[in-house]
Structures are given as C-alpha cells and as structure tokens.
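Got chain A sorted already, so can you dock chain B onto it with the hints?
Protein chains in written order, with UniProt numbering: chain A, 1 to 137; chain B, 1 to 820.
It should be emphasised that the hints constitute simulated quantities derived from the structure, not laboratory data. Among these hints, one or two may not hold up.
Stretches of chain B that chain A covers, calculated by requiring three or more beta carbons in the stretch to come under 8 Å of a beta carbon on chain A [said to hold, decoys possible]: (1) 367-381; (2) 391-398; (3) 403-417.
Once the Cα atoms are required to be at most 27 Å apart in a straight line, the calculated DSSO-like pairs of lysine-lysine come out as [stated by the list, open to error]: (4) A:K52 - A:K73; (5) A:K110 - B:K788; (6) A:K114 - B:K415; (7) A:K78 - B:K415; (8) A:K3 - B:K374; (9) A:K2 - B:K451.
Computed from a prediction, not measured in an experiment: that's the story for all the values here. Cβ coordinates follow ideal geometry from the N, Cα and C atoms, glycine included.
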Amino acid sequence: MKKSSIFGIIIIAIAIAVIISTYSSSSTYGTFNDARETESELHVVGHLNKEKELVYDATRDANYFSFYMKDNKGQECKVVFAGTKPQDFERSEQIVLTGQMRGNEFHASKILMKCPSKYTEDKLNVTEVSAKKSASL
Amino acid sequence: MDIAYQGEHLLPGKLGQFFVVLALGASLLSFISYYFAAKQDVEKNDNSWLRLGRIGFWLNTVSILGIAACLFHIIYNHYFEYHYAWSYTSLSLPVYYIVSAFWNGQEGGFLLWMFWQAVLGNILIWKTRSWERPVMTTVALSQLVLATMVLGINIGSVHVGSSPFLLLRDSGMEAPIFQNADYLSYIKDGKGMNPSLQNYWMVIHPPTLFLGFAAMVVPFAFAIAGLWQRRYKEWVQQAIPYALFACMILGTGIIMGAFWAYESLNFGGFWAWDPVENASVFPWLMLVAGLHVLIVFKNSGHAYFTATFLVLISFVLVWYSSFLARSGILGESSVHAFTDLGMFWHLVLGILIFLLIPVYLLISRWSELPISKKDEETYSREFWMFVGSVFLGLSCFQLIAFTSVPVWNAIFGTKLAPPTDQVKFYNIIQSCFAIIITLLTGVTQFLKYKKTDITRFLITSGVYFGFSALVTALAVFITGVNKMPTLYILLMLGSVYSVVANGKVLADALKGKFKLAGSAVAHIGFGLLLIGALIAAGTQKVISENHTGEQYSAEFAKEEDPRENILLYKNQPVQMGDYSVTFTGDTIEGLDHFFNIHYKRMGKDGKVTEDFILRPKVTSNNNGTGMSSEPDTKHYLLHDLYTHVTMTNVLTTEKKEDDGHTEETDDSKNYDPAVAHEVAIGDTITYREGFIVLKGLNKEAKVQSIPLNEGDIAVGAQLEVHTHGKTYQAEPVYLIKGRNVFDFAKKIEDAGLKLQFAKILPDKGKIEINVFQQPESKKKFIVLKAIKFPYINFLWAGTIIMVIGFLMSIFRRNKELKVR
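Bound-form chain A, shown alone:
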C-alpha cells in the first residue's frame, strides 16, 4: 500500500471526526420549558418583556442584572445575569440567552441581542418622529 493512501485514510478519518464533533458538541435552541428539564446549558431565543421591571442598580450590586423574557413559545421567565446591563438593552428586539435554569430563575452566562436593523419598519417610525420634530421647530 502506498504511503500516501495510508495518509489519505488518516486524513479522511480526522475529517469524519471533525464532522461528528461538530454535530455532537453543538447544543440546541430551546425554550424555558426545555431548560427546566435539563441540567446542561442551552440557548433560549426570545424577546424582552418590556412591561415588566428590569433591575439593574449599580449602587446596590454592579454585577446583578435581571429582567423578564418571553421565549418563542410565549412562556415567560425571570432571567438573571451576573454582569452589567448591556448598552441599549431596552431597544433589543430579539435576545439569545446561553445558560441554565436555577430554581425558577434562568441564569444566563451570555446574552446576545439583536437591535432593530436599519432596514426594518421600527427604524422608519423613528425617522418619522424625528422628521416631525424638526418640522415643528
């Protein structure tokens, strides 16, 4: 057998291992319900409930931030994050949390938020408002 064929086989084996590791180490997007049922960390996608309180008071604890999020199934849960409130958090239209359930709270280790992009309707309203404002001046 040629040496290069042996080498080729090794390479293919590694490539397959990579693909398997990709599949097996990826986690899933879930809901708060899924989070309750599992011990491990997972991603939850949802949006901020803007009607409920958002707690961040640096003078009490600079590393405590809590809010209420509704997941994509509409279920709501209190979320706690050990850090400061991300800038422009209130404006987020979608949030992706990484973390796990602790009792009745979801403890997030990472928050990724998407702010309204330039090309969506939200931004247009802003444009309108600011346009009117300069008109009245």
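Quick look at chain B alone, frame taken from chain A:
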C-alpha cells in the same frame, strides 16, 4: 404620482450610477475580449482581442475611480437624499471618519474590493506577458461579478445588486414625508456612523482586508490559466509571489481586525471566534496551505493536485466568506454580521460561478494532470511539508464546518445551535491542529528535499527539541501557563520548537544561505504570534474583582464569585489588585465622553511607585440611540492593563430635553435631608465620607449680583472639607439685607456635598451649618472592568515579524522568476 422634489442633488448620483453601469459593461467587454484573446493561437501575432481586453479593463478602472469620486462627493457634502450618506454619516462626523464612511456599507466594501482588483489587474497587464490573456480573463470575470453586486437595477422583476447611489426616497421606506416635495428640509441630519466604527483602525483595517481578498484572485487566476491552457507546471512558479503577497496582506488585515477589537471594542479580547472573524480566516488558512504545497511541487514534482486544489478552493472561500458575512444567514450566531440586502441568491451565484469553473476544468483535464506516480520519501522535506499543509487545510475545514452551522440549518432544516462555550470548543480543537502544524514547521527545517540522512536528522531535531522543551518548561512556569490544561502546554512546546528550529535556520542564513531566511522569519513570527495569543488569552486576569455588592438572592451569590465589574464613585478611591483606582472626572470632546481613571500603585513602604491616568471613553451617536464603550489600555513591555467602562450614570441614552430647567431652583431631591450642626470657629463636623472644619468667618463676604447697602450684613463661613484624601474649600454666605434674611448655599460637586449657612447664633457664639449629602445613587459613578493581558506584545510583534518574513520571501521568489 410624480412629485417635483426640491433641493436634491441628483447629478452626482446619476453620474455615479452611469459609472456603475459603465464599469459593468467595461468588465464584460474585457472578459469577453480576453477570453477570445486567450483562445487564439499565440503564434498568429494577432493582438486585436488583447487590445480590446486591455481597453475594457482600463475603462473599468476609470469607471471605478469615477464611482468612488461620486460617492465621496455625496458623503463629503452630506447629501442626505442619498441613502448611503444618510445611513452612515451625520453632520457632526469628523472629517477623517468620512473616509471610513465610504466603506461602512456593504456597497462600499464591494467597491473597495473592485478598486483593489482593478489596481492588481493593471499590475498583471504590465507584468505577466505570456500569461496576461488567460489570467486577465479570470480577473475580468471577477470584476464583472463584483460589478453586478453594486448595480442596483431592476432587470425584469428581479432587483440586481445594491447601488450606493440609492436615493433615500427610493429605499423602500414608507414614510409620509416623501409625499412632500421639499421633504429634504425635514431631514436635518443623517443617522450617523455606528460609534464603535468611529476609530482610526476602521480607516485602515478594511482597505487592508479587502486588498487581501482582492489579491486572492491572482493565484486562482494563474491556476485556472494553467489548467485551461494546459500549461500545467509553469503557472506554479508564477503564482508563488502573488500567493505570498495575498497571504501577507490578508494576514495583516485579519490581525489588524483583532487589534481593532482589542483596542476599541468592548468584548475584552482580541479574538472571539465569531463567525464573521472565522470567515475571514478561511481563505488565509487555505492559501497558506496551498502556498506550501506549491513550493513542494516546485521542488519535488509531487502533490500537484493538492496544490492546485488548495489554491482554487481558497478563492472560492473568499466568496463563501463574503456570503456568510453579507447574506444575513448568520442571523443570531454572530454579533457583527452585516444586514441582509436581499442579495442572498446573488451571493450564492457568485460562489457557484467560481466553484463550477475549476470543477469543470479539473474534471475535463484530469487525465492530463502531472500527478506523480512515485511515492515520496518518508524522510524528505516535501513529504512533511505536505502533511503540515494538509493539517492546515483540516484546521480550516473544521472552522468551516463549524462556522457554517447556520448554513447547514438552512439547508437541512435542522436547528443546531453553537456550543454553549464556543470559545473553549474552538480553542481546544484548533490547538490540536496548531500543535501538529507548529511541530512540523520546526521538524521540516532539519529535513532536506528528496532525501535526508536519517541519523543526522534524528540527532539534530532531537537536540533542538530537547532544548525547546527546556525553554518551554521555563516559560510555562514564568507565565503561569502551567496552570492551564496540558493541551495548551503542548501548544506552547510546539510554538517554541518552531521558533527555535527556525531561529537556527535564520542563524545559518545570516552566515551565508540568506535566501532561505524569508520562510524562517515568517515561521518565527507565526510561532511568536501563537505564543502571545496563548499566554494572553490563557492567563488573562480580571483585576476588577468585586466581592461586595448587596446580594439579591442567596442562590445568585454562590455562583461565580468574585464578579468582574467594580463600582467607582467619583473621587472615592478603590483598591483593585495592586492598584488604587479613582474615578476623578469626565470630559466631553464632541461625541466622545472620556472618563479619567487615576491608577496609583504603592510600594511596600507606602510610597507611590506608579501613577497614571487611563481614559476609556463612551461614544454616543448624535441621535442618542446608541452608545458604545471604548477601552483604554496601559501598555507595558510584558503586559497590558485594559480598562473599560461598562456602565455609568454620568450620561444616559435618553434625550436630555429638560436640561437647564429644573437646575438650581430645586435640587433638594438630589440630596439626603439636611443635617444641622452648631459649630464655633475651629470646630469639626464629621459626616459620612469625611469631615469639615470651620476655619473662620469672613465678615466681608460678597455675593455676586447683589450690591450691599449700609447696614446689610454678609458673613461667609470658611469651611474646609476633607474627604477621601482631598481637601476642598467652600464659603457659604449668610446675608441680612434690610429685613430679609438670605442664605447662599455652596455646592461641592466633586464631593457630593451642599453646605448651607443657616443661622447665626450670637448668644452661643456659634453658627449653624446644614450639611446636605448626596445619596449614593445620585452621586456620579462608573462601573468598570479591568483586565490584565500578559505577554500580548508577542502576538503583535509576531505578526510584524511574520509580515517581514513574507516580504523577504516575495523578493526571493520574484528574483527566481527573473533568473529563469
């Protein structure tokens, strides 16, 4: 309904759009002409197609310059009727960032890419001689595809490309103001640039990156030309200098991006394995691998297919990475993906064009390819170089497979999410590849092409390996890497070995074989880069540890202690690691809000050994919708101290509309209820954060704007406030004018105090002072995070050394070309 809009500057846009169409037409002409020129029999000496191809390409170059000039004119003059100017600039944007506004949008990115490709194309026309026709065919095709990306014209019902000259009123917004003919008079200002992009790195990072991307087309074009024209072996040597150039520039661009992230973004590091970052590395890894195999083929005749394949795939990956970054497919998995411009399928088409051409050529020429039937020697440099390159390719394959998870989700309808600790995952897998690759960059230095004396090889490489192990052991204990998993120690060993072995080659080269030094220098740089990244990322330490803080719940308190953010009230020093840190004040410069953080380090004897101020800033864009925090870093030779403001009450995102109304009149709600003290001269008042001494009474106190008449009495209480090691003077005044009594309180903002001279108590010989203190929550504060990055300078120095190595190699390979 036609409206005669007023005040618009339509000429530059119309002109620009004309140039866009011209660029497209010219590149099409150039492509077709070069194609037929390449098909011609060279012997015939007919240059008409060639001439036409050149004219097309030159016309294309001129059009691109025209587009750039028009766009720049629009941005520079703030013509907000154009979507591009409105989206990315504002009146208050400093002039030097106007340049970076140019490539802020995706269209600008494409333009930049086209511009560099045009520059490179002209160099190729000038330099390549017999290769010009086939090579320029591919370059012109690439120009053509890029031109369609910025076309912005409806063909039938399909909208092709996105033009930078799109008018705001045509951009698809359904806003009623566009019913007004003079809508422009309502649009006072643009949205402004994203504050995190307002940084000088954004002026030079994108052009470098795009030059790198553009340069990738050259080796690809040579490979295609070689297959197409059946000049299978000749193209390799031609392509090597260009491949070196592309690797050098793209590598620089990537590291510049990392440096930008480190210096001015707030994710606290230089690399986050974000999909967009990964995407820019794919082509680099593949071409670096390809480059090595090209050299293998040149020196030994082995591995022809692998070399061709890697070069071809690297350019396909340029398109794939554009697709990932620009199509919006990354969605929720990336922090900084571009927004979707509705060009998803257009970009897919781009990939397919450059994928299918090589596939067709490879299949149709397969039987003719000079694939060697012989087996390589086990103890030969070419074999192990080949192995190393394949591992580079594999590491790239892993990156692609994993970064593309959203793509797999879209294709197979699955719902995979990235791993919960993505950074750790990538670090582990990529470290495994890096260990093998770095070891091989070392070992191959002791091997010769074709055949090597085995005993001698084993002895020398073994000796150097032992020496490296010693150095590694020492370095690992000094830097604290020994506390990390064994995997990273092995990576350290591999990197040190690479530096040592190549150091030997460099030392030899200085004695004579200097022409080999380029690769050795580049390898040393790469090794140092990895060492720096490994130590800095692995042993970085958050020094703003926070053990305090009122706990919200017992459960929460147990996790993750200490926390990483620390609260600093203005002028109250806090001990943080070895430093005493004080937030001393803030200054505003334009849209930037700087915070002065005073660091002091005390020796054991209590003397100040170090004293400096860091100025992290928070930038808001002018409409008050976005804030971004930019760190400031103290650079030492062996480590960096990185500081960034994560939160502050000094400025808010809400618009300050009632500013100036409520001030002065009633600020009592900003203070806790007054505490009255009766004091005589020399007495001391203690309060929460210090003490106040009544030094004396000033019988001739004056109050501004109130003239004193005969019989009026004005007395000032000379107070000295001592708080947190600082002293302030204040003189509140007590005034009897006619029958009325007034008091003029004095505020000491920095100390959060208001002092009021309330009464004179003549019978006791005392006066009454009211002390108002600001409650904690009203006082100015910032929350900051500080991280120490050890040995990060290795990373930057390694990059510079690697670039020097690439440069040396380019000169060497270029010289080899001329000799032939």
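The hints, checked one at a time:
Here the segment 367-381 of chain B counts 3 residues with a CB under 8 Å from a CB of chain A, which clears the bar of 3, and the coverage holds. Here's how the segment 391-398 of chain B fares: 3 of its residues keep a CB closer than 8 Å to some CB of chain A, so the rule of at least three is met and the hint holds. Residues of the segment 403-417 of chain B lying with their CB closer than 8 Å to a CB of chain A number 4, which satisfies the three-residue condition for coverage. Of the supplied pair hints, the one linking K52 (chain A) and K73 (chain A) holds, its CA atoms being roughly 18 Å apart against a limit of 27 Å.
For the hint pairing K110 (chain A) with K788 (chain B), the CA-to-CA distance comes to about 21 Å; that is within 27 Å, so the pair holds. A C-alpha spacing of about 19 Å is found between K114 (chain A) and K415 (chain B), which places the hinted pair at or below 27 Å, so the restraint holds. About 24 Å separates the Cα atoms of K78 (chain A) and K415 (chain B), which keeps this hinted pair within 27 Å; it holds. About 10 Å separates the Cα atoms of K3 (chain A) and K374 (chain B), which keeps this hinted pair within 27 Å; it holds.
Between K2 (chain A) and K451 (chain B) the CA atoms are separated by roughly 18 Å; this keeps the pair inside 27 Å, and the hint holds.
The earlier numbered hints are all upheld by this structure, with none contradicted.
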